[in-house]
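Chain by chain, the residues:
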Amino acid sequence: MISASGVAAQITELFLAVALAPLMTGWVNQCRAWLQNKSGPGPLQPYRMLGKLFQKESVIAYGASPLFRITPYILFGGMCLAAAIVPTLATDLPFNTAADAIALVGLFALVRVFISLAAMDIGTAFGTLGARREMMIGFLAEPALLMVLFTASLISQSTSLSITVGKLLQMDLAIYPSLAFAGIAFTMVLLAENARIPIDNPATHLELTMIHEAMILEYSGRHLALIEWAASLKLFVYACIGIALFLPFGIAQGGDSLGLILALPVLVAKLAVGGALLAVIETVSAKMRIFRAPEFLGTAFLLAVLGMLVHFLLES
Amino acid sequence: MIDGPITPLAASLAAVIAWLAIALAGVMFPKNLRLVSHVLFPTGALVALALAAAGWSGLAQNAETLILPLGLPDLPFHLRMDALSAFFLLLLGSVTAGVSVFAAGYLRRGEGTLPGLQCLYYHVFIASMTLVLLADDAYAFMVFWETMALSSYFLVTSDHRKAEIRSAGFLYLLVAHVGAVAILLCFGVLQGGTGDYTFGAMREVQHTAFWGGIAFGLALFGFGAKAGIVPLHVWLPEAHPAAPSPVSALMSAVMLKTAVYGFLRVMFDLLDMQVWWWGVIVLAAGLVTALYGVVFSAVQSDMKRLLAYSSVENIGLVFVAAGLAIMFRAYDMHALAALALTAMLYHALNHAFFKSLLFLATGSVLHATRERALGKLGGLIHRMPWVAWLALVGTLAIAGLPPLNGFVSEWLLLQAFLFTPGLPQNYLNMLVPVAAAAVALTAALAGYVMVKFYGVIFLGQPREEKLAEAHDCGPWERVGLVWLAAGCVLLGVLPVYVIGMIDSVTHTLLGRSLGNAAQGWLYLAPIHADRASYGPFLFLVVIVVVVLLAFLAVRLFYHGRIRRGPAWDCGFPHQTARMQDTAEGFGQPVRQVFEPFFRMRRELPDPFDAVPRYRVSVEDHLWYWLYLPVAWTADKVTSLVTLLQRGRISVYLMYSFCTLLLLLLFVR
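Same order as they appear, the protein sequences are chains X and D.
Under my numbering, the first residue of the first sequence is numbered 12, with each subsequent residue one higher.
Under my numbering, the first residue of the second sequence is numbered 21, with each subsequent residue one higher.
Since the hints were made in silico from the structure, they are not lab data.
Do not take every clue at face value.
[Unchecked claim] Covered stretches of chain X, going by a simulated chain D footprint (3 or more residues, C-beta under 8 Å):
hint, segment
1, 57-68
2, 104-115
3, 121-135
4, 196-208
5, 279-293
6, 311-323
[Stated by the list, open to error] Stretch-level coverage of chain X by chain D, calculated; a stretch enters the list once three of its residues show a Cβ under 8 Å from a Cβ in chain D:
hint, segment
7, 91-98
8, 140-147
9, 161-167
Ideal Cβ placement from N, Cα and C applies to all residues, glycine included.
Pulled out of the complex, with its shape left as it was, chain X reads as follows:
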């Protein structure tokens, strides 16, 4: 069942994700800078940032427990695992038999719980504030994401992401209303889960509004580097989920090695366009009050459930 080409694709994909994720973040930031009439530091800036942080020593607060120190590694490991689950280049991924779409959502939840616990570990006012807000976003975004994945699973009759993507690739090119609903819901979840603008602002430490940044305030040096890397991996993985579910063309099927080679430029092009779109969304929308966030995510949740219902009404 496990083929050599599958293992090769799996490993390529994982390393590609780890290597490309900061570039994706840098690209989004660069696009945002351009849209705001700034020249921007260039898309390679996150790599320089990571290099600098890795070299610095870590300052850890007196009251920190070992949980605080292992969390960055768990975050990074969890996001690598997530990157291994989502089919980006090929659908023949051996690790997909070990973890399906539900496990992917569970993995995101695991990472979220760990970072929230680490944020509460030192016992600062901002840390607990960030943890509380992050968990609030999480309990609304997680079911929405699950419902989006369920809609795709209902179409493909499988929760395995590679089989789902394989089925979606074989479908006729047409607009599926359920996927349209799911797509909108997914975009909203992506914005919320990656601390992007209507919910959170990745570029500021404005005390009253921050969520993600509040949780990682106490991190520095290599720990912060790992967390930042994990955050950009998360954005990368989310973008890849979106691509795999809603724009799957170009992903290689089975053990097709030529397809695998062709899939890479297609993926990079799609990510570039997606990143630019994300920058546009972030530029044209304003940050919401934190108590508007439940409405935003509630809408996403409803849209995702509607997607499932529409699937039953119109497509089955």
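Dock chain D against the given chain X, drawing on the hints supplied.
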């Protein structure tokens, strides 16, 4: 009497007798703490292990019956052990083993009733639960059921000098008995006029749709009262915090499961019919219970009440799976019914492990700090590392995170929902995604609740001075906690073996089992490997390997230098422990988002107050909408009696006189 090798049923009975002997030994030396805690309770734990082994071996074999020469003259106690009983005996034995060892280190002098008496109640309690699982006639079932309720009542009220504990115990006893009446009536309907109260006879009775429906309703009400289905859940958040922690653990982990067992026994074994809308009712009741429980647990500020509401949530999920199973079975979709039933039994087993682990951890915290309010704890991971790290396992498990056990059953449940679109009714097909969404929301909220639970108790700065003196738990308690935590990990990582055990239960009840479509023990694949598969062991290995590689790579390419300094906190200089979120603060988003669920009263300070106070109280609407009116009505009705009872001797003499006159009139 027994010629061949010892049968599982005989072994279980031997375990019961051993427990009763331990109970008696406790009564003989009621004040001898050392004997009770260091000899009797560990022996009880060994007996529990033996019982677990008996349950294990009972899973594989055919039903075995035994008639005891006790009970009514024409209805001796019938005992029977089939796969369903065996599975729940395994659950009871394996969890009780951990709890009993923990209790060996937990008992203290001067806390509540004498140690010997606690030993008596405790062992009678577990023995009666064992017998409930083995009972094969209605009379025996009710006798053991009531023994279980009474012994647990005495355990709940073991600290009976406090008024609130007495009233919690009363509420528990009341709901338990209202439920018991419903169960009794249910058996009355099930025997169908034959007058034969053995379960064997009930299986043969053909019911009409009407009486079948009545039996179903009574079973749902009666067992639901014991399990904590909304609106009959009110006793749980009162009784669990009142009881000593090992007892809360047992009640939540095992006693609620006996109710689940009873419901399964009636619905899938005794009652010969299944109607699809029964499944819808159970599903709806389960969903309401799950959401209600999790939303309320998010706003609690007492750690044991929080866990009690979380038990309500988990029982809700168990009943959701039961509802799906009933629905599938009514449509003769046995493979899917097996999937839903497997999810249900798996979740019951998981809940038994992680909930008892967490309740015991709160017990250790309670002993170390004398504090149950979350707002006065904090930072205990430094003082109590054993408890904290083991509780972390339970926290991650109950939050339903892979690769621990809570995730496996949630995964199975969601798979059962995803397979639902095969149902022949279109309305049901559309209802099910909405239900799946509610389950997903519940699971996500459970994560929120558990971050609050763990973060506020174990992380952050200590919120009180006295927490600096908190001590870690002793060796007995550690063994108990490690046992349960290991259970959480193993149940999560090796699901294929667990499902192999559950298969014999589903085979007994449905004639069909889930099996594993994937080859080998690595992957779990219900129905078909292409539909869904999950390999938690690989998942765990990969995540550990990646974490280690990342760690080593950072050390290799860079450095491991660390400097300790004061917390930065955006440069804010004066950090105090009171600036952290309290339990109330952490629950605030849930209070805001789910406002209609709560009966909330808020007192906001005036800007000119010299001593500003902010107060918020969160209560249950149901208490005011349902229980207080019922209590008020009962009060009014009973107060009519005071019309007769005037307390004056002349009036009573007049009653006697009138009675005499009446009697003379009739007897004449």
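Verification of the hints:
no.: 1; hint: 57-68; in the structure: holds (count 3)
no.: 2; hint: 104-115; in the structure: holds (count 7)
no.: 3; hint: 121-135; in the structure: holds (count 10)
no.: 4; hint: 196-208; in the structure: violated (count 0)
no.: 5; hint: 279-293; in the structure: violated (count 0)
no.: 6; hint: 311-323; in the structure: holds (count 6)
no.: 7; hint: 91-98; in the structure: holds (count 3)
no.: 8; hint: 140-147; in the structure: holds (count 6)
no.: 9; hint: 161-167; in the structure: holds (count 3)
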